[in-house]
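Those protein sequences? They're chains A and B, same order as listed. Position 58 (the first sequence) corresponds to 58 in my numbering; numbering is contiguous. Position 1 (the second sequence) corresponds to 1 in my numbering; numbering is contiguous.
Keep in mind the hints are simulated off the structure, nothing from the lab. The reader is advised that the hints may include incorrect statements.
With a straight-line cut-off of 25 Å between C-alpha atoms, the simulated SDA-like cross-links for lysine to any residue are [claimed, not checked]:
| id | chain 1 | residue 1 | chain 2 | residue 2 |
| --- | --- | --- | --- | --- |
| 1 | A | K128 | A | A178 |
| 2 | A | K161 | B | G16 |
| 3 | B | K115 | A | K128 |
Here are some of the chain B residues that sit facing chain A, going by a computed Cβ distance under 10 Å [as the list claims (entries may be wrong)]:
| id | residue |
| --- | --- |
| 4 | D88 |
| 5 | F111 |
| 6 | M114 |
Label pairs and their in silico Cβ distance ranges [what the hints assert, rightly or not]:
| id | chain 1 | residue 1 | chain 2 | residue 2 | range |
| --- | --- | --- | --- | --- | --- |
| 7 | B | K110 | A | T186 | 47 to 53 Å |
| 8 | A | V355 | B | D88 | 46 to 52 Å |
| 9 | B | K137 | A | P81 | 44 to 50 Å |
| 10 | B | H203 | A | H229 | 40 to 46 Å |
| 11 | A | L202 | B | F111 | 25 to 31 Å |
| 12 | B | Y15 | A | T160 | 15 to 21 Å |
| 13 | B | H206 | A | H229 | 44 to 50 Å |
Glycine residues also receive a C-beta, built at the ideal position from the N, C-alpha and C atoms.
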Amino acid sequence: MSNQNNSGKRPIIQAPLATEAIQVRRLSDQKPQTGLAGLKYNLQFMRGRGALEIGVVLAVILIGYITAASINPSGFSFLNPSNLSGVISQAIPVLAILGLAAGILMIAGEFDLSLGPAITFNAIVFIKVAESFGLLAAVVAGILSGIAIAMVNGAIVVITKIPSFIATLGMSFFWAGASILMNGTTPAIISAETREGAMEFLFAHDFGLFRSQLVWLILVGSLAWLFMHRHRLGNHIYAVGGNAAAAQAISINPKRVKMMAFGIYGGLVGFASILIAVRTSSMQPGGTATEDFTLFAIAAAVVGGTSLNGGRGSVIGIIFGAALIELIKNGLILGKAPGFYITLFVGITIVIASVFNKLMEGKAR
Amino acid sequence: MSESLLRVEGITKKYGPNTVLNDVSFEIGKNEVVGLLGDNGAGKSTLVKIMSGVVDATSGNYYWDGKLIDNVNREETERLGVETIFQDSALVPQMTITRNIFMGREITNKFGLMKIKQMDSIAAEVLDSVVAIEGIKSPKQLVASLSGGQAQAVAIARAVHFKSSLLILDEPTSALAVRATEALLDYLRQLKTEGVSSVLVTHNLHHAYQVCDRHIVMNHGRKILDVRREDTTVEELTAAVVGGAEGIRQYREGRKGN
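Build out the structure end to end from the sequences listed, making use of the hints.
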């Protein structure tokens, strides 16, 4: 790096000050603040970036739920251990990992609407390989299948420059059909002998207070945070999603970065497919069971502050977004709301969250 | 003329049926400030993109230090030491100032993880050395929250920080205040003494005339004038930019007449 010695020199551009009373404050003179002052200083730059706002909403809902459950444990059994473990350890991790997949792709400026059918396809690959070749091969095959599907979608989008919305909408029908081609119309089933032991322990075990899925979320979430917010390649994903032309002018190849984002997306979807397959022990080709995941994953990302236009979003925000959606679902079920209310309320939450994010985007600094 | 740093020969660029640049040749000398002038649509920005390796020319040769460069791309020009301030599309608004300055050239450890604190403090130093514009609070600020002039200052700071042999500035002063512009022009003169050549692309002839040793005027994708400052006047440059080759002819005839 050609860092010439700047210190001590007069600034190259001396902009006029409005009045003599205003002092020029040199940025490099600012002392690093510690403790509470440092937290406050850093907090002002976190506003409007998604995670903070959604975290507050999440906390409010959690406090409300806990209060309601403490006052009336039998009427609103939120704190019941089996409910807690089902929501926090099962539903949230799967949606959060899918949300991270969709969110990372959205930060790069692309979508994939074939997420649901891809889950079915990956899960069937996983089940078939597990039945014939064992667990390790199956895990590798399931993740590779996810990456392969995403790379095919990605190549179509990147090479032809068709909007990813249309390209992956078309491919979603293709992958739904492909899973029927692979397994016929009968469901792929994990036999009890195959599931028992390592597979169940790794991907669906109930440890009492928590289940395996939660451990995976913490692991995947930490890696995703490190990659997106601290690794240079994650920085390139933000750059390309935010302004591909600017990134290209600084020798970042937008096509390569977008393909990488599709690959990461695919790997995460492949992994989530394994969690879903082990939990349900079966997968129906061309079925509708996984269809909802496509839009719920995108919803989790959007609720968590990810911009639909790319370049903006955070790992913590997305995990919070997934948690919020699952908590609202859970609250409605516990409150004995009729089934159709659930989609109604989740729908409203998503719209409100997007409006909220839009308002906050202006506050970002 | 001084020794050549960058020389382009017969550069032609076609976008479909449109010829944007037609057989353009010129050179940038070592320690030279060159003004690239022309009206909107003259092909200046395309030429800048080709010089900085972001866009491929349809045909033509690119020589650096007298050596032919076969495959001109951004990685290659970055290695040669070309740094460009692009008129548009320079920064990513959703990213912080630090991340914009180090975009694509992050300071990392051996695992590729960024050293954010170190980058923040260098960014603060670089900004201080380039701009004393009040209002930038921290290098952690998002570029979206900056004014046009502040954003331009960040783009200039980045180019100044990474420049090594050739600095190309595409309309760098469009959003800068008068005194900031003067200071930037002064800086180009100073760079020359430090052994850095620069190309100033502008349609403000008075800015160019002040600092450039040589002027290249483009018109409809062709080079119509390439003169040293001593051999021309602001009036002749104006005639060339406004009237093209015909404008130069009329100007010269008018002078003879007087």
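Results for each hint:
no., hint, in the structure
1, A/K128 x A/A178, "15 Å, holds"
2, A/K161 x B/G16, "18 Å, holds"
3, B/K115 x A/K128, "44 Å, violated"
4, D88, "8 Å, holds"
5, F111, "8 Å, holds"
6, M114, "6 Å, holds"
7, B/K110 x A/T186: 47 to 53 Å, "51 Å, holds"
8, A/V355 x B/D88: 46 to 52 Å, "30 Å, violated"
9, B/K137 x A/P81: 44 to 50 Å, "48 Å, holds"
10, B/H203 x A/H229: 40 to 46 Å, "41 Å, holds"
11, A/L202 x B/F111: 25 to 31 Å, "26 Å, holds"
12, B/Y15 x A/T160: 15 to 21 Å, "19 Å, holds"
13, B/H206 x A/H229: 44 to 50 Å, "46 Å, holds"
Checked against the numbered hints above, the structure breaks hints 3, 8 and satisfies the rest.
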